[in-house]
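Student: For reference, the chains in residue letters:
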Amino acid sequence: MKLVRDCLDKQLVDKHGKPMGRVDGLIFEWSPGKQPRVTEVEIGAVAQWRRVHPRLGDLVDRVRRRIGVVKEDPCLIPWKKSVSSAIEVVTDMEAEKSGALDWEIWLRKKIIMKIPGA
Amino acid sequence: MKKLLEISLGIVTSIGGFLEIGSITTAAQAGAEFGFQLIWAILLGGICVIFLVEQAGRIAAISRHTIPGAIRERFGFNYFIFLLVIVGLVSLLVLASEIGGICIAIEMATGIRFWWWALPVGFVIWLLMWKGPFSLIEKGTSLLGLITVSFIVGAVVMRPDWLSVLRGSVPSLPSHDQARYWFLAVSILGASISPYLFFFYSSGAVEDHWDENYLGVNKVIAASGMSFGSIISVAVLILAALVFPPRGLKADEYSQLALLLQDAFGYWGFVLLIASLGIACLGAALEISLELAYLAAQGFGWNWSKNQRPRDEARFSIVYTLIILLGAIIILVGVDPLQLTILSMAFTAATLPVSIVPFLFVMNDRYYLEQHVNSTFTNAVTLVIILLASVVALVTIPLHIFGGG
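Quick note, the sequences are listed as chains A and B, same order. Position 76 of the first sequence, counting from 1, maps to 76 under my numbering, and the rest follow consecutively. Position 29 of the second sequence, counting from 1, maps to 29 under my numbering, and the rest follow consecutively.
Possibly wrong hints are sitting among the right ones.
Unchecked claim - Quick look at which bits of chain A chain B covers, simulated, 3 or more residues with Cβ under 8 angstroms:
1. 18-26
2. 68-80
3. 101-114
As the list claims (entries may be wrong) - Incomplete in silico selection of chain B near chain A, CB under 8 angstroms:
4. GLY76
5. PHE77
6. LYS219
7. SER317
Note that these hints are calculated values from the structure, not bench results. Quick reminder that beta carbons are idealized off the backbone N, C-alpha and C, glycines included.
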């Protein structure tokens, strides 16, 4: 597998096919004498903006802590629970429980559900 | 039979969806100031759109990827965020112009100044988005948009000199006001090759569950629909060339647009113009709001589909809600919709390469398209479109300064 081509920026979906975000980063484990190994997939605003500039990532992280909606960012998805297909990366997790949808859930509860017809 | 119905609906959708405030305004000003001389710019824009829309539909049918999704995957987050900011800002201006267009149509009908209508119009657009399924937005407004065919009937009724119309199909140098001529040519291209059109089209193909069997349908819809759409724009230009110069008008105020169909149909021409302007702008406003929400959701990997309830796609729904509110506020504070339209068409033209260049890379990627990658001919045409878009992008701002009027 070519990680950048077949995994980075791909759509990540949970075991029910629900979108969780896109793969914003990959975490590697380096051990002496061994090949590097992917351990986790990163998703979330902090990981995204770090790719533009590390300081932007830090700024987004400070804002995130102040707002307090998202508990963990980047959200880390274990690599061993994920499979990369032609279109998306599928993980054996529940999207709503993973932390990847904290903003989605917050907006749904605090704003969207208060509007008639939602 | 089902395919035939799809093709008919697709063509109708394209005709109804093609014409909007930008194409009406730029075509009307071009006709008023340069007669039939700028018809070639509309035809050139139409040809470019046919090729881009066909590619947007093909990638969706083969790979189930939309153009924004593929751009994020192949060009990374940094390019995607650049595209989102540029296309987002330009689309916001275009959306505000469309809301302004609807408000102007209501002002023509009621006499009440346009800005009073900004929030009610914004609310109606939002309500249609909030409650309506994709089919209502895509096909409902576009079917109503068929009323814009009245421009073609009007142009025929006015009996133009068809030989002069044909001559206008070939580029020629103007006898006066060169900067203005080229500015209008560039604005027409900006109005025709709107990124929202092909982003919306690829999302629509995914929403409608297109697959490989739809490749033929896609070609027919792209070619016929966009051609008919261009013909309606040409009809607006012909009418403007016949109606405005004898009255010494330059279509530099929206109130003058009311005259476009009056010579052909009398009082009913006025009614048809109001209905055409209002419905064309409503259709475009819905498409642009949806396109911006699609763009953000597809790039960030959120849940998106106009066929789901807002509660199931909170972020997607928030994006179009905020965008519509912002667009309505721009008109509410009294920004002149005509100036805004001209400015937004120029900005669209200036930023075209940002959204068109990725086509060449994505459409040649076998990972997405397998054996359906671009042919040499389509690549050559796309390359020409990119070159054209780059030249247009370079000259738009200087031309706006010297020929923006």
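Student: Is the coverage entry for the segment 18-26 of chain A by chain B consistent with the three-residue Cβ rule at 8 angstroms?
Tutor: holds (count 6)
Student: Would the hint on B:SER317 be counted as holding, given a Cβ-Cβ threshold of 8 angstroms to chain A?
Tutor: 6 angstroms, holds
Student: Count the residues of the segment 68-80 of chain A with a beta-carbon closer than 8 angstroms to any beta-carbon of chain B: does the count reach three?
Tutor: violated (count 0)
Student: Measuring from the C-beta of B:GLY76 to each C-beta in chain A, is the shortest one below 8 angstroms?
Tutor: Holds, about 6 angstroms.
Student: Do at least three Cβ atoms from the segment 101-114 of chain A come closer than 8 angstroms to Cβ atoms of chain B?
Tutor: holds (count 8)
Student: Does the closest beta carbon of chain A sit nearer than 8 angstroms to the beta carbon of B:LYS219?
Tutor: Violated. Min distance 24 angstroms.
Student: May I ask you to test the interface hint for B:PHE77 with respect to chain A, counting a Cβ-Cβ separation under 8 angstroms as satisfied?
Tutor: 5 angstroms, holds
Hints 2 and 6, counting from the list given before, are not met by this structure.
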